[in-house]
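Trainee: Sequence:
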Amino acid sequence: MRRENRQREILSRLKPNEPISTALLARDLEVSEETIRRELRSMEKAGAILWMHGAVRLMPPASEGVFASRMQTRAEAKARIAEAAAQHIFDGECVFLDAGSTSCFVARALRHHKRLQVVTNSLEVAKVLNYENGHQLFLAGGAYDPETASFSDHTAQQYLTAFRPSLSVLTVGSIHPQHGLMDYRAAEAEMSRVAYAMSSRVMLVADHSKFNRIAPFHTAKLTEVDILITDREPPTELAPALAHVRVEVVGSPGEPS
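Heads up, the sequence shown is in this note's numbering, so the first residue is 46 and it goes up one at a time.
Among the hints, a few may not be true.
Quick list of simulated restraints, FRET-style, between CB atoms [stated by the list, open to error]: (1) Arg72 - Met243: 45 to 53 Å; (2) Leu182 - Asp73: 17 to 25 Å; (3) Val292 - Pro261: 20 to 28 Å; (4) Leu74 - Ala207: 27 to 35 Å; (5) Arg72 - Glu138: 49 to 57 Å; (6) Met97 - Ala120: 15 to 23 Å; (7) Glu54 - Ala242: 46 to 54 Å; (8) Pro261 - Thr80: 47 to 55 Å; (9) Leu287 - Arg72: 31 to 39 Å; (10) Glu78 - Asn257: 44 to 52 Å; (11) Ala68 - Glu282: 27 to 35 Å; (12) Glu78 - His157: 15 to 23 Å; (13) Met97 - Arg277: 25 to 33 Å.
Honestly, the hints are just simulated from the structure, not real lab data.
Heads up, the beta-carbon is just placed ideally off N, CA and C, and yes, glycines get one too.
Between the sequences and the hints, there should be enough to build the whole structure, so can you do that?
Mentor: Structure, rendered in structure tokens:
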């Protein structure tokens with residue numbers, strides 16, 4: 046059986062809330078467990094499944110609509126960025142994940158972390174965390190915005206002020222050398238401002254499409270960022286503004302840097 050066909054067969058047997066053992070999958074598909082593990086490693090990296098403790102289940106889908114579309118846009122780059130971001134997060138740490146689609150990829154990349162205290166205003170982040178590893182979730186409430194699958198109104202902002210995470214993982218609408226960091230929605234921009242103010246460290250996760258763009262609402266200065274993880278080298282005009290920022294580039298082979 047060809048690899049793509051085998052992976053389709055695996056997906057056809059999985060459900061979001063019903064883990065299946067790798068041994069059972071190997072038996073059903075009449076292949077070795079090592080073959081199944083090889084396929085699962087590839088599928089896990091692509092964000093299609095959750096795999097832990099010898100069992101696998103389907104990744105819960107993002108909500109239908111605008112957010113689901115954002116999850117599909119530059120998904121491979123976001124997944125690479127997320128895997129790199131996860132390396133900066135340590136077991137037992139208190140972290141804030143915002144409501145951006147890349148933050149949702151980061152939540153998926155935390156599948157092997159243990160005992161995290163995760164603060165978020167994103168319903169999708171709350172869905173994909175692996176609670177079997179002892180995580181605590183603190184979900185900001187308020188008026189739900191189905192377009193962003195999140196809570197970003199005044200109630201959510203007030204809830205967030207009670208926390209002091211050691212790290213905030215934040216997304217952004219645009220990164221500009223003169224204007225700094227900006228967003229396209231007022232409530233999200235205000236939520237980001239709260240996050241910047243309360244965090245010991247800030248890690249910005251953003252693909253190259255955010256460079257040199259301008260959005261309506263300012264969120265922060267680039268000097269407030271500690272780490273930037275992106276998929277391509279930032280343009281030269283951003284270099285002075287990023288001089289103090291630790292920049293990590295996680296491009297794929299054959300992709301321009």
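Trainee: Does each hint hold? Answer for all of them.
Mentor: Quick rundown of the hints versus the structure:
no.	hint	in the structure
1	Arg72 - Met243: 45 to 53 Å	holds (50 Å)
2	Leu182 - Asp73: 17 to 25 Å	violated (33 Å)
3	Val292 - Pro261: 20 to 28 Å	holds (26 Å)
4	Leu74 - Ala207: 27 to 35 Å	violated (49 Å)
5	Arg72 - Glu138: 49 to 57 Å	violated (39 Å)
6	Met97 - Ala120: 15 to 23 Å	holds (22 Å)
7	Glu54 - Ala242: 46 to 54 Å	holds (49 Å)
8	Pro261 - Thr80: 47 to 55 Å	holds (51 Å)
9	Leu287 - Arg72: 31 to 39 Å	violated (52 Å)
10	Glu78 - Asn257: 44 to 52 Å	holds (49 Å)
11	Ala68 - Glu282: 27 to 35 Å	violated (55 Å)
12	Glu78 - His157: 15 to 23 Å	holds (19 Å)
13	Met97 - Arg277: 25 to 33 Å	holds (32 Å)
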